[in-house]
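Based on the sequences and whatever the hints tell you, model everything.
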Amino acid sequence: MILYDYILSPDCYKVRLLASFVGAPLELRAVDFHPGGEHRSAPFLRINPAGTIPVLQDSDLILTESASILTYVAAAHGPDWLGDDTPIMRGRVAQWLAFGHRLSASIGKARTHDMLQKPADIDACRKSGVTALRELEAALIEAHLRGDAFLAGHRPTLADIACFPHAMLAPDGGISTDPYPAIRLWTRSLRALPRFIEMPGIHRLHELKPEPTGSSL
Amino acid sequence: MTDAWTPVALARDLPRLGVVPLCVDGIDIALWRSASGRVAAWADRCPHRGMRLSHGFVRGEALSCIYHGWSYGSEGQCLRIPAHPDLTPPEAIRVPVFQAIESGGVVWVAPKTTDAMPPAVGGTALRSLTVDAVVDWAASGFTLSSAVARGELSGVAMTILVQPLPNGRFALHALADSAAPAALIEASRGLEALRRQAEVALA
Amino acid sequence: MTDPIRDEWYPVALVSQLPQGDRDTLLLGEPIRVTLQDGQPMVTASGRVLRSQARYGHVWTSLGSPTRPLFDIPEADQPGRRLVDVGLVRVKCSPLRAVENFLDIAHFPFVHTDILGAEPHTEVGRYDVAIRDEVDEVWATKVQFYQPQAAKSAAGGITTEYMYRVPAPTVSVLYKTCPPRPGEWDVITLFVQPLTETLCEVWPWMALFDDTTPLTDLIHFQQTIFLQDRSILENQQPSLLPLDPGLEIPTRADLTSVAYRRWLKRRGYTYGAQLVAA
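First to last, the sequence lines map onto chains C, Z and V.
Read the first sequence against this note's numbering and you will find it ends at 217, with the numbers running on by one and no gaps.
Read the second sequence against this note's numbering and you will find it ends at 203, with the numbers running on by one and no gaps.
Read the third sequence against this note's numbering and you will find it ends at 278, with the numbers running on by one and no gaps.
Rather than coming from a laboratory, the hints here were simulated on the basis of the structure.
As the structure is a computational prediction, the values presented were derived from the model and not from experiment.
All residues carry an ideal CB built from backbone N, CA and C; glycine is no exception.
Each hint should be verified, as a subset may be incorrect.
Stated by the list, open to error - Pulled a few chain V residues facing chain C out of the computed Cβ check, cut under 10 Å: (1) S16; (2) Q17; (3) D22; (4) Q37; (5) G87; (6) K92; (7) T113; (8) T159; (9) E161; (10) D211; (11) T212; (12) L227; (13) Q228; (14) P238.
To be verified - Okay, derived cross-link-like pairs now, DSBU-like style, lysine-lysine, Cα gap no bigger than 30 Å in a straight line: (15) V:K92 x V:K265; (16) V:K265 x V:K142; (17) C:K127 x V:K92; (18) V:K92 x C:K118.
This is the structure we're talking about:
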């Protein structure tokens, strides 16, 4: 599987993260999104006329949209991440995959505006971003009250991966994550999972590693 | 006249090894809990290069700054500077410490030293949420005494601790008299409705 | 009478991006426009044409009248080098905080974990720092640090040697061990454009010996490093870099930044800085 990838893209990161969790072999092909604008170049548009990343290529299959790519990779290499095969979990996973697009369109756009100077209606993006984070926070509260530690149920699924990166990176776009304790606790539990990998902007949890020996803590 | 103690979080939202940024009386504070469960409220600023300690990490009973890993012990004194592992850090390197206490399932911070205790409250921790406007408590059927609002939302009796934030915003820390999940879900939705009502002028 | 702030050269655009359109931006709080005029970069401020030049892949300009030419990086003209434009990243911080972070290595194990540094290899040994009066630049030499993955061209962990150089108030140049060509230095720079005292755009640029790594991977490696620093830079208090001791406490590992702050104060360069004791 080849992933057309940009290291700073949260949507590409979702695929890299899932691939790490499930141990799927993923060959990364770096796309010069910024400053090169390679995703709009003629050769790239032949692969994906929408000019977006991530794009997954697996033999003759080409998939665009992170939600679809996540679904494919999970189905092929880690079906647990699709959630239990029940209507409720299927429905929930689908809901949060769709919600992930709202996060990209709001928080994602605010971030590329603030960081890379990409054009955006920044006030509208931030306002939508806050609305989305509040919904995510309320959903996590209710999930806990149902006895679920993760968005779609008792175990992490694509629902969590779809929402995690933008929930962490919102401050890059001028949206504080301080008001959301449930989001904080949930992101922490994802970051502590085995085979979690970071992306630039999401730091390692150093508390998971003991202080080097010889110190007096 | 501000009370000595400000409610800043629900205790369950501060797990061991957790660090949370807060603002109390205009002071930026890093609230954290050690491995043994001890809660501490420190100035949110590492004396080295001014990095927010709320981005830091907790190991054992110490909080370390994420920038250069400088670690600080229970009284705010610098214990270790990783760039100089054999150096005993000078006494002068320390972080200002504020009083923090857990009571009634709530974490309270006192910006100024006090002998007073925070108000007695209790109930099942529900959630905290931030409101970008003033809540008309009376209109919502709540009585407000200092930081403590008592009333009912969606048929559930609640205690809501009100924490003023900068720029006319408020954090609400809600406890419910009921522990039943269904009631708590209704109460959570009631809080969302309360916020929507308060913020209607902002839309 | 030289104005220490306005009479400097500042980076304001990527030459390679100008054909795509004009760039409207801010320099020291003033709106400027960077455009192509007969194939040459031109910079104007409210219609007034500013002095400008293209160098190191970027357009440099001044709101005043620099008395000295732009600093020289001879490696830029060395045959066999790959010159890499990394692209701008905007940061809500003082331009001086951005430069100072680039001069620091003690943060490598914590911020660039498992790339530029890792616990327990956190010790920063003695190194030499000097303000070279003859060129009026800050230099740090004999800096060493153990790194798990020092560069895209490194096969594994190595002890990297560094030199740091500040040739202008908002520019930092780093020279590091070059794995494919021992004896040569890879050059990595941070050109910082001060939009305001608390907002800047950083333009990393590199002159490397690396014939194998694809260009995009080189760009992404450097963007990764900078993005890891960005959330630090946006969370330092106070925003303005303190030039007087008291508010912040350096150690021996911070000699380069101490020299940088002293050098800025000596030059009267206070844009993005504060002169305040504890």
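Evaluation of the provided hints:
no.	hint	in the structure
1	S16	8 Å, holds
2	Q17	6 Å, holds
3	D22	13 Å, violated
4	Q37	22 Å, violated
5	G87	3 Å, holds
6	K92	8 Å, holds
7	T113	5 Å, holds
8	T159	18 Å, violated
9	E161	24 Å, violated
10	D211	17 Å, violated
11	T212	14 Å, violated
12	L227	3 Å, holds
13	Q228	5 Å, holds
14	P238	19 Å, violated
15	V:K92 x V:K265	22 Å, holds
16	V:K265 x V:K142	25 Å, holds
17	C:K127 x V:K92	20 Å, holds
18	V:K92 x C:K118	16 Å, holds
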